[in-house]
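Chains as they are written, first to last, in my numbering: chain A, 1 to 114; chain B, 115 to 227.
Some hints here could point you the wrong way.
Stated by the list, open to error - SDA-like mimics (lysine to any residue), calculated; alpha carbons at most 25 Å apart, straight line: (1) B:Lys154 to A:His10; (2) B:Lys150 to A:Ser9; (3) A:Lys101 to B:His143; (4) B:Lys152 to A:Thr109; (5) A:Lys101 to B:Val227; (6) A:Lys49 to B:Ser213; (7) B:Lys132 to B:Ser213; (8) B:Lys123 to A:Thr5; (9) B:Lys155 to A:Asp85; (10) A:Lys69 to B:Val227; (11) A:Lys101 to B:Lys132; (12) A:Lys101 to B:Ser176; (13) B:Lys155 to A:Asn41; (14) B:Lys154 to A:Leu18; (15) B:Lys154 to A:Val29.
Don't read these hints as lab results, they were simulated from the structure.
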Amino acid sequence: AQSVTQLGSHVSVSEGALVLLRCNYSSSVPPYLFWYVQYPNQGLQLLLKYTSAATLVKGINGFEAEFKKSETSFHLTKPSAHMSDAAEYFCAVKLNTNAGKSTFGDGTTLTVKP
Amino acid sequence: DTEVTQTPKHLVMGMTNKKSLKCEQHMGHRAMYWYKQKAKKPPELMFVYSYEKLSINESVPSRFSPECPNSSLLNLHLHALQPEDSALYLCASSQAVGSTEAFFGQGTRLTVV
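Pulled out of the complex, with its shape left as it was, chain A reads as follows:
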């Protein structure tokens, strides 16, 4: 079984401030972990993924995430927020099997204030 919990349904930061979006997972086997971004009325775009290689993963648009097995966490960070980062962010987990099913967290809405 697998599950994802995103702590904080809404996060608000000032432009230029650190962005931290939290994700904790539960998985019975080694997981694959993902962060997706979704802009209004758009599909999901993959920001980054963890697939059991390096624990610190760098993605697009300056985002990165660190896989911490001891904390079962995969938090998303960006050193300096930009107005264009305002969007919905989803953390997702997929088991390292051939099942093809990803489980998404409930999402975090990021607001960036000028």
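For chain A, the structure is supplied; the task is to place chain B on it using the hints.
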């Protein structure tokens, strides 16, 4: 080409209508997916096709009927829908069901009146 193309972008249909959503990819992916997403909620998996065969049906009502006519195309046939079926329908594809990365289309915004 790393795109998944969905048509139409918007669809309004009555409860007695029959309509279809289309999804196309030319990345040679052999796994394709349909998701349903309600406002302010995460995507919910509906169907998974692997090598053009239905491999997962997440107990979706029969008024939704998927079809995979070839490896590049995925359809979702709609009939006798209810207003609560109004949502954003997302298509995705990946190299195979065990692949780590899925590519999503922009979605079809469906409104049932």
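Hints violated by the structure (numbers, ascending)
5, 7, 8, 10, 11 and 15
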